[in-house]
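Undergrad: One-letter residues, chain by chain:
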Amino acid sequence: MSRIAETFTRLQAAGEKALIPFITAGDPDPGLTVSLMHGLVEGGADVIELGVPFSDPMADGPVIQRASERALAHKVGLRNVLDMVREFRRSNQQTPVVLMGYLNPVHVLGYEVFAKEAAAAGVDGVLTVDCPPEEAAELSAALTAARLDPVFLIAPTTPMARVKQIAALARGYVYYVSLKGVTGAGNLDIDDVARKIAALREFIDVPIGVGFGIRDAETARAISTAADAVVVGSRLVQEIEAATPETAKEQLTRLVASLKDAIR
Amino acid sequence: MSSYDFPDARGHFGPYGGVYVAETLMAALDELNAEYARAKADPAFWQEYHYELKHFVGRPSPVYHAKRWSEQLGGAQIYFKREDLNHTGAHKVNNTIGQALLARRMGKKRVIAETGAGQHGVASATVAARYGMECVVYMGAEDVKRQAPNVFRMKLLGATVVPVESGSKTLKDALNEAMRDWVTNIDSTFYILGTAAGPHPYPMLVRDFQRIIGIEAKEQMQEMVGRQPDMVVACVGGGSNAIGIFHPYVEVEGVRLVGVEAGGDGVATGRHAAPLTAGKPGVLHGFRSYLMQDENGQIIETHSVSAGLDYPGVGPEHSLLKDIGRAEYVAINDDEALRAFEDCCHLEGIIPALESSHALAHAAKVAPTMGRDQIILVNLSGRGDKDINTVASLMGLTL
Ligand SMILES: Cc1ncc(COP(=O)(O)O)c(C=O)c1O
Chain R
1 MSRIAETFTR
11 LQAAGEKALI
21 PFITAGDPDP
31 GLTVSLMHGL
41 VEGGADVIEL
51 GVPFSDPMAD
61 GPVIQRASER
71 ALAHKVGLRN
81 VLDMVREFRR
91 SNQQTPVVLM
101 GYLNPVHVLG
111 YEVFAKEAAA
121 AGVDGVLTVD
131 CPPEEAAELS
141 AALTAARLDP
151 VFLIAPTTPM
161 ARVKQIAALA
171 RGYVYYVSLK
181 GVTGAGNLDI
191 DDVARKIAAL
201 REFIDVPIGV
211 GFGIRDAETA
221 RAISTAADAV
231 VVGSRLVQEI
241 EAATPETAKE
251 QLTRLVASLK
261 DAIR
Chain H
1 MSSYDFPDAR
11 GHFGPYGGVY
21 VAETLMAALD
31 ELNAEYARAK
41 ADPAFWQEYH
51 YELKHFVGRP
61 SPVYHAKRWS
71 EQLGGAQIYF
81 KREDLNHTGA
91 HKVNNTIGQA
101 LLARRMGKKR
111 VIAETGAGQH
121 GVASATVAAR
131 YGMECVVYMG
141 AEDVKRQAPN
151 VFRMKLLGAT
161 VVPVESGSKT
171 LKDALNEAMR
181 DWVTNIDSTF
191 YILGTAAGPH
201 PYPMLVRDFQ
211 RIIGIEAKEQ
221 MQEMVGRQPD
231 MVVACVGGGS
241 NAIGIFHPYV
251 EVEGVRLVGV
261 EAGGDGVATG
271 RHAAPLTAGK
281 PGVLHGFRSY
291 LMQDENGQII
301 ETHSVSAGLD
311 YPGVGPEHSL
321 LKDIGRAEYV
331 AINDDEALRA
341 FEDCCHLEGI
351 IPALESSHAL
361 AHAAKVAPTM
371 GRDQIILVNL
381 SGRGDKDINT
391 VASLMGLTL
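First to last, the protein sequences are chains R and H.
Note that the first sequence covers residues 1 to 264 in the UniProt record's numbering.
Note that the second sequence covers residues 1 to 399 in the UniProt record's numbering.
The hints are simulated quantities; they were obtained by calculation from the structure and are not laboratory data.
Since the structure is predicted, the reported quantities are computational estimates derived from the model, not experimental observations.
Beta carbons are placed, not taken as given, at the ideal position from N, Cα and C, and that holds for glycine.
One or more hints might be untrue.
Listed below are the simulated BS3-like cross-link pairs for lysine-lysine, each with C-alpha atoms no more than 25 Å apart in a straight line [claimed, not checked]:
hint : chain 1 : residue 1 : chain 2 : residue 2
1    : R       : 116       : H       : 280
2    : H       : 67        : H       : 365
3    : R       : 164       : R       : 116
4    : R       : 75        : H       : 169
5    : H       : 145       : H       : 40
6    : R       : 180       : H       : 108
7    : H       : 322       : H       : 365
8    : R       : 164       : R       : 180
9    : H       : 109       : R       : 180
10   : R       : 75        : R       : 116
11   : H       : 40        : H       : 54
12   : H       : 280       : R       : 75
13   : H       : 145       : H       : 155
14   : H       : 169       : H       : 145
15   : H       : 40        : H       : 218
A few chain H positions that, by computed beta-carbon distances, are all more than 12 Å from chain R [what the hints assert, rightly or not]:
hint : residue
16   : 56
17   : 71
18   : 110
19   : 160
20   : 178
21   : 250
22   : 269
23   : 283
24   : 297
25   : 325
Just so you have them, the derived chain H footprint on chain R, three or more residues with Cβ under 8 Å [to be verified]:
hint : segment
26   : 129–137
27   : 154–161
Isolated chain R (complex conformation):
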C-alpha cells in the first residue's frame, strides 16, 4: 500500500479527516522549507502538498504567484525540491508528500527520469495542474511504474463522463477544486461543494480532497463533513509571507493546529 493510501486508511479507521497543507518549496528561502515541512507535521498535517515553483502559474491567484516568485528569486528548480524532500525524509518516514506544480519543469527533465528521481527522494504523489487526463498517459505511466500516485483535479465544471475517465487514472486521492477560479479566491459555496462530492462518490473510489478558497477553520470544518481531506494553501502562504524567517515555523504550526482541530 502506498504511503498515501496507508494514511487515509488509518484516518478512516479513526474516524478522522485529513488536513493537507500546501506550501511552495523555496518560499521564502530554500533553507527554510524542510523546517517548515516539519512544522506542518507538528501542527497536524496528514499529507503535505509541496508546490514546485513555476514562472507562469496560470491557475494560481496572487498569493501563490508571489510565493513562486520568491522561490524563483533563489533559483529553486525541481531537482532542488527533490533534495528538500530527501532531507525531510531523513527524519520523517510517515507523512506523504505530494508535489504540486506545472508540467514544464517535469517535461524538461523527462517523465521517466523525473519519476525515478522523485520516488528515490521519497515523494509519494504528483499533481501537475496543467496536465489533464487527455495528455497524461505518458506521465501517468511513468509515475505508476515508479510507484508514485498521479493525483488529478476535478472541477465544478467537470461533466460526469470525464469524472469516470479521471477515476480510472487517479491514485492516492482526487483533488476537487471547490470553485470556478484560481487558488486563493473567495467565492466558495459550501452546500454546492457538499452536493458535488456526494455525486462524485458514485464514481470515485479513492478519497476526495477539497481545496481552493478554504481560508479559515470554520470553512475547513464545514467542508470536512463532506470531504475526506481539506487542502489549505493560500492562507498558509500568507502566514509565511507575513512572518519573519525566525517566526515562520512557529506561526505555521499554530495555524495548522487550529485547522486540524476544526476538522478532527
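For this one, chain R is given, so just place chain H with the ligand on it according to the hints.
TA: Relative to chain R, chain H with the ligand alone:
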C-alpha cells in the same frame, strides 16, 4: 507531401499542440470545440464572416508591388500583402470577427482578450463594440507604456484595459491573467485568444480565421503576375499572421515559407524572442511547442523592440512545419527591423508595424541574392502608427 491535415481530433499537430490546461477549463474548451464544429459546417456562419470582412474590415486587402525598394535592392521583386489596410490596422481583426461571431452563437455577452502590441486588444474592443459585448483586455504593464496610443484606442472603443504587473509584465503575463479571468468567469465569458497558440481548439480556430490572407494572396498573385511567389515571408510572434498566409501554400510546391522571429539584441546574446530558432519543446499556456526556457523549465524573459513579437512560445503548427521542414524560421534583430522600417517609409510611402518590419528586413536581406525574375511575397501584417512613440524614442526624440 500529399496530404497535410492537422490538427488531429484532439488538437495535436504531430507532437505539438494539445490541451494542457487545468481541469476547470476543460469543459469550456470542449464546448468551444463543439460549437466551432457546428459553425464550421454552417454556411450561414461563413457567409456572415465574409460579409463582415468585406463591409466592416474592407477586405480583400490588396497585394502591392514594392517597385522602388525592389529596384534598389537589385534582386527579387518584393510584393506586400497589405493587412495594414484592414480596419483597425492589422491582420488581428480577421480573427476577432470570427471569434466574436462564435461568442454570439454561444450567447456570451462578455469577452476578454490578451494583447501585446495592443493590435489584438484594439481588434477585440472593436468587435465587442460592433456586436454589443462587454470587453476586458489584459495587457502587460510594460506594453501599456510602450503602446500608449493603442491603450487609448481600446478605451475609446469602450473596453476596460487591465495592466498586468506580474512576471515580466509583457504578453505572456497578459495571457496568464486572461486565463485566470476566464477560469473565474467561465459561464459568462468568451476568451478571444489573439494568436494561433493556446489550448486546442484555438490554434486551429485562429488559423482558420486567418487563412483568408493566404487564400486571397494566391488568387491575387495569379491575377497580377500569373504565378505564385518563390518565397512567402511573415513575422512570427505567436504565429497567426504567418500561419494565415502560409497555410493555403503548404501544399503548393516550389513556394518557400519563411517565418521571421524577433532576434532582439541578437540570438547569441540570449536577449531575443526566437523560440523556433533557439528554444526547445516545452509546455506553456495550454500547448506543447518550441519554447524559450532555462534548464529548470522556467520560462525565460523575452526581448524585442516589437511588443507583438515579445512572446517566449510559438503556435504549435509552426513547430510542426519546422520539424517536417516545410517552413524555415530565421531571426531578425531589432536594428535590422528598424532599418527596414525606415526604408519602407522612405521608399514605399508605407509606415509598417515594427512586427511586420521583421519580415520586411528578412525580405530585404535575401532579395539581392535572388534573381530579378523571382518573387518574394511579404505579409505586411500591420501598420506602424502605434509604433511611432517607440521609434521616436529610439531616435532620441519625444513626441
Ligand atoms: C501587426 C502585427 N503583426 C504581427 C503580430 C504578431 O502576432 P502573430 O504572430 O500572431 O501574427 C502582431 C501582434 O501583436 C501585430 O500587431
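Undergrad: Look at each hint and say if it fits the structure.
TA: Outcome of the hint check:
no. : hint            : verdict
1   : R/116 <-> H/280 : 23 Å, holds
2   : H/67 <-> H/365  : 16 Å, holds
3   : R/164 <-> R/116 : 28 Å, violated
4   : R/75 <-> H/169  : 19 Å, holds
5   : H/145 <-> H/40  : 39 Å, violated
6   : R/180 <-> H/108 : 17 Å, holds
7   : H/322 <-> H/365 : 21 Å, holds
8   : R/164 <-> R/180 : 20 Å, holds
9   : H/109 <-> R/180 : 18 Å, holds
10  : R/75 <-> R/116  : 23 Å, holds
11  : H/40 <-> H/54   : 19 Å, holds
12  : H/280 <-> R/75  : 20 Å, holds
13  : H/145 <-> H/155 : 15 Å, holds
14  : H/169 <-> H/145 : 11 Å, holds
15  : H/40 <-> H/218  : 22 Å, holds
16  : 56              : 33 Å, holds
17  : 71              : 47 Å, holds
18  : 110             : 14 Å, holds
19  : 160             : 19 Å, holds
20  : 178             : 10 Å, violated
21  : 250             : 26 Å, holds
22  : 269             : 20 Å, holds
23  : 283             : 5 Å, violated
24  : 297             : 4 Å, violated
25  : 325             : 24 Å, holds
26  : 129–137         : holds (count 6)
27  : 154–161         : holds (count 6)
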